[in-house]
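Participant: Please model the entire structure based on the sequences and the hints provided.
First to last, the protein sequences are chains H and X.
Taking our numbering as reference, the numbering of the first sequence is continuous, increasing by one, and the terminal residue is 63.
Taking our numbering as reference, the numbering of the second sequence is continuous, increasing by one, and the terminal residue is 518.
Treat the hints as calculated values from the structure; they're not laboratory data.
A few of these clues could be false.
[Unchecked claim] No farther apart than 27 Å at their CA atoms in a straight line, the calculated lysine-lysine pairs in the DSSO-like style are these:
#, chain 1, residue 1, chain 2, residue 2
1, X, LYS214, X, LYS257
2, X, LYS156, X, LYS143
3, H, LYS4, H, LYS29
4, X, LYS139, H, LYS6
5, H, LYS6, H, LYS28
6, H, LYS28, X, LYS151
7, X, LYS139, X, LYS151
8, X, LYS139, H, LYS43
9, X, LYS487, X, LYS412
10, X, LYS205, H, LYS43
11, H, LYS29, X, LYS143
12, X, LYS205, H, LYS4
13, X, LYS254, X, LYS143
14, H, LYS6, H, LYS43
15, X, LYS139, H, LYS4
16, X, LYS143, H, LYS28
17, H, LYS29, X, LYS139
18, X, LYS254, X, LYS214
19, X, LYS205, H, LYS6
[Claimed, not checked] Residues from chain X shown here face chain H by an in silico Cβ test under 8 Å; the list is partial:
#, residue
20, ALA76
21, CYS77
22, GLY131
23, ALA136
24, GLY137
25, HIS204
26, ARG206
27, THR208
28, GLY209
29, ARG360
30, ALA362
31, TYR477
32, ASN499
Since we're looking at a predicted model, the values are computed, not measured.
For glycine and all other residues, C-beta sits at the position ideal for the given N, C-alpha and C.
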Amino acid sequence: MAYKIKASDCTACGACEAECPNNAISFKKGAYAINADLCTECKGQFSSPQCASVCPADCCVPA
Amino acid sequence: MANVISLDSILGVGELKAPAEAPPAAASGCASSSCGSSDGPADMAPEVWEKVKNHPCYSEEAHHYFARMHVAVAPACNIQCNYCNRKYDCSNESRPGVVSEKLTPDQALRKIMAVAKEIPQLSVIGIAGPGDSLAAGGKNTFKTFEMLAKKAPDLKLCLSTNGLALPDHVDTIANYNIDHVTITINMVDPEVGQHIYPWIFHDHKRWTGLDAAKILHERQMLGLEMLTSRGILVKVNSVMIPGINDEHLMDVNKAVKSRGAFLHNIMPLISDPAHGTHFGLTGQRGPTAQELKVLQDQCEGGAKLMRHCRQCRADAVGLLGEDRGSEFTIDQIEAMGEVEYDQEAARTYREHVEGERAGRHAAKAAAQADVAETIGTDVQPILIAVATKGGERINEHFGHAKEFQIYEVGPKGAKFVGHRRVDQYCEGGSGDEDALGGVLSAINDCTAVFVAKIGGCPSQNLKDAGIEPVDRFAFEYIEESALTYFKDYAERLGQGAINAREGQDAVIRTGAFTALRA
Ligand code: SF4
Ligand code: SF4
Ligand code: SF4
Numbered sequence: 001m002a003y004k005i006k007a008s009d010c011t012a013c014g015a016c017e018a019e020c021p022n023n024a025i026s027f028k029k030g031a032y033a034i035n036a037d038l039c040t041e042c043k044g045q046f047s048s049p050q051c052a053s054v055c056p057a058d059c060c061v062p063a
Numbered sequence: 001m002a003n004v005i006s007l008d009s010i011l012g013v014g015e016l017k018a019p020a021e022a023p024p025a026a027a028s029g030c031a032s033s034s035c036g037s038s039d040g041p042a043d044m045a046p047e048v049w050e051k052v053k054n055h056p057c058y059s060e061e062a063h064h065y066f067a068r069m070h071v072a073v074a075p076a077c078n079i080q081c082n083y084c085n086r087k088y089d090c091s092n093e094s095r096p097g098v099v100s101e102k103l104t105p106d107q108a109l110r111k112i113m114a115v116a117k118e119i120p121q122l123s124v125i126g127i128a129g130p131g132d133s134l135a136a137g138g139k140n141t142f143k144t145f146e147m148l149a150k151k152a153p154d155l156k157l158c159l160s161t162n163g164l165a166l167p168d169h170v171d172t173i174a175n176y177n178i179d180h181v182t183i184t185i186n187m188v189d190p191e192v193g194q195h196i197y198p199w200i201f202h203d204h205k206r207w208t209g210l211d212a213a214k215i216l217h218e219r220q221m222l223g224l225e226m227l228t229s230r231g232i233l234v235k236v237n238s239v240m241i242p243g244i245n246d247e248h249l250m251d252v253n254k255a256v257k258s259r260g261a262f263l264h265n266i267m268p269l270i271s272d273p274a275h276g277t278h279f280g281l282t283g284q285r286g287p288t289a290q291e292l293k294v295l296q297d298q299c300e301g302g303a304k305l306m307r308h309c310r311q312c313r314a315d316a317v318g319l320l321g322e323d324r325g326s327e328f329t330i331d332q333i334e335a336m337g338e339v340e341y342d343q344e345a346a347r348t349y350r351e352h353v354e355g356e357r358a359g360r361h362a363a364k365a366a367a368q369a370d371v372a373e374t375i376g377t378d379v380q381p382i383l384i385a386v387a388t389k390g391g392e393r394i395n396e397h398f399g400h401a402k403e404f405q406i407y408e409v410g411p412k413g414a415k416f417v418g419h420r421r422v423d424q425y426c427e428g429g430s431g432d433e434d435a436l437g438g439v440l441s442a443i444n445d446c447t448a449v450f451v452a453k454i455g456g457c458p459s460q461n462l463k464d465a466g467i468e469p470v471d472r473f474a475f476e477y478i479e480e481s482a483l484t485y486f487k488d489y490a491e492r493l494g495q496g497a498i499n500a501r502e503g504q505d506a507v508i509r510t511g512a513f514t515a516l517r518a
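Facilitator: Have a look at this one:
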């Protein structure tokens, strides 16, 4: 149960990183990635996955 | 003084002459535009003039003398605009795309120090993206400003935002002494807004349609009011989108004026399918030069209009209309090592401009009074395109110009009304016919073009197109020359030697402004 980032569409803007309530997103080796161990899909925290809601490229998707 | 001389060579104006001698005290009050839209000290409260006089974006006059620099430290955004595709450079909101260089706050600071050393005209540091400067909590933006305020306290700070997150940050903005903020406001009616913004991200949710536009509108108005009530100068940018918000921008103008906006800058939509934006793909066109000017003229008298905006990129460096960004890439800056900030050169330059300015105001007023007296008021104003590198002088060759400044001159005086980008006609020595066609269509509504120099062939082409090439004012001041020309033009018109050039329009060049300094 986690989200992932489709690297090919990512614009590397970092908007998702700032919104994630669990610090699951970080910039590594030139790309943003979600740590599946930390991602909760925002359940119990927000009504929608924050990363997917803010992403301009619609590239945060269920893993 | 050595400094000043080298600065002149940067500007390419040769030796800056002492201003023409002061005219006999202007007898007739102010019949002229210097009381209206030109931004001299006369029509501004002293504390406001103090804030804007060296800011190239806020003062039309300062943009001839001072340089600004944008640092691209804010890639994240919190809304989607139909004229923007984050993957590519956005020409509307000065946003370089993902392929462009993004800076960390540390890198930004080093870049600023390096540029300040090379370009003493630098007076303003702005953060305009490439996303929204206040998205993602504004973290990088404020970090950069914090370091800058310590290292170079005499540089002015400004930021641009879409306004969504603005109300949350007004206190921080005030604390960092950021005294200029630009908000992009394209509508004051959600019905209009829904055609411009497909969604926003606010309060941990993605909103779409009318809801999105309504929230954005309310946050923009709130942010604007909060800023102006704290005495922070606000410039409003609007993108003119024909058929969507063109007429509506008059309402925007009134709404922002009533909330204390200092300047309103109406910019043309730049739309090209190749940019991959929603508007680009749906074939939404941008306005023509005359459509833009007509709208700007209709808004005159409302919030003060700014017509010299170049829609420059979030990583632009230099005087308006030039971009020296490529001289300062991360690699080049890393190679420079530690650069110390030198306030001295910048101070000398600012003092020098101060002296020049006093004389300029007087000389302009005199030239205007002369025209008003000799030709009366019934001659229609004309447009003149000017090739300039800055310093308010006609000091660029026709073939080297990457833009033309457009002046409207008539019995009421000469005023700057806009600029037109062009592809350089002459690159590497030989004339390029395609580029010449582009220049002709870009200035097709002008009666004359003022240049420092021009070749015989393009000169003939201009004449054939009905635009008079004029090089007899080479290196003179623009406004005085325009008035002198107008006087002569009015006489020729009166004798029937020439016809007025009416009903022409011109084309606004699409594509990001990336011209580099020659
Ligand atoms: S779904 Fe929520 S928890 Fe998971 S990465 Fe996105 S923002 Fe973080
Ligand atoms: S918000 Fe989307 S585009 Fe931006 S860094 Fe995250 S995944 Fe990439
Ligand atoms: S984008 Fe417009 S407001 Fe910003 S620096 Fe350029 S001219 Fe000034």
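Participant: Next, verify each hint and record whether it holds.
Facilitator: Now the hints, each set against the structure:
1. X:LYS214 - X:LYS257: The hint holds at about 20 Å.
2. X:LYS156 - X:LYS143: 15 Å, holds
3. H:LYS4 - H:LYS29: 16 Å, holds
4. X:LYS139 - H:LYS6: At roughly 25 Å apart (the allowed maximum being 27 Å), H:LYS6 and X:LYS139 satisfy the hint.
5. H:LYS6 - H:LYS28: Holds - the C-alpha atoms of H:LYS28 and H:LYS6 are around 14 Å apart, at most 27 Å.
6. H:LYS28 - X:LYS151: 31 Å, violated
7. X:LYS139 - X:LYS151: 19 Å, holds
8. X:LYS139 - H:LYS43: 26 Å, holds
9. X:LYS487 - X:LYS412: Measuring from Cα to Cα gives roughly 12 Å; hence the hint holds.
10. X:LYS205 - H:LYS43: 14 Å, holds
11. H:LYS29 - X:LYS143: 23 Å, holds
12. X:LYS205 - H:LYS4: 19 Å, holds
13. X:LYS254 - X:LYS143: 35 Å, violated
14. H:LYS6 - H:LYS43: 21 Å, holds
15. X:LYS139 - H:LYS4: Answer holds: X:LYS139 to H:LYS4 is near 24 Å, not above 27 Å.
16. X:LYS143 - H:LYS28: 22 Å, holds
17. H:LYS29 - X:LYS139: 22 Å, holds
18. X:LYS254 - X:LYS214: Status holds; Cα separation ~18 Å.
19. X:LYS205 - H:LYS6: Holds: X:LYS205 and H:LYS6 sit about 21 Å apart, inside 27 Å.
20. ALA76: 4 Å, holds
21. CYS77: 6 Å, holds
22. GLY131: 6 Å, holds
23. ALA136: 3 Å, holds
24. GLY137: Hint holds; X:GLY137 Cβ to chain H Cβ min 6 Å, cut 8 Å.
25. HIS204: 5 Å, holds
26. ARG206: 4 Å, holds
27. THR208: 11 Å, violated
28. GLY209: 15 Å, violated
29. ARG360: 44 Å, violated
30. ALA362: 50 Å, violated
31. TYR477: At about 45 Å, which exceeds the 8 Å cut-off, the nearest Cβ of chain H leaves the hint on X:TYR477 violated.
32. ASN499: 52 Å, violated
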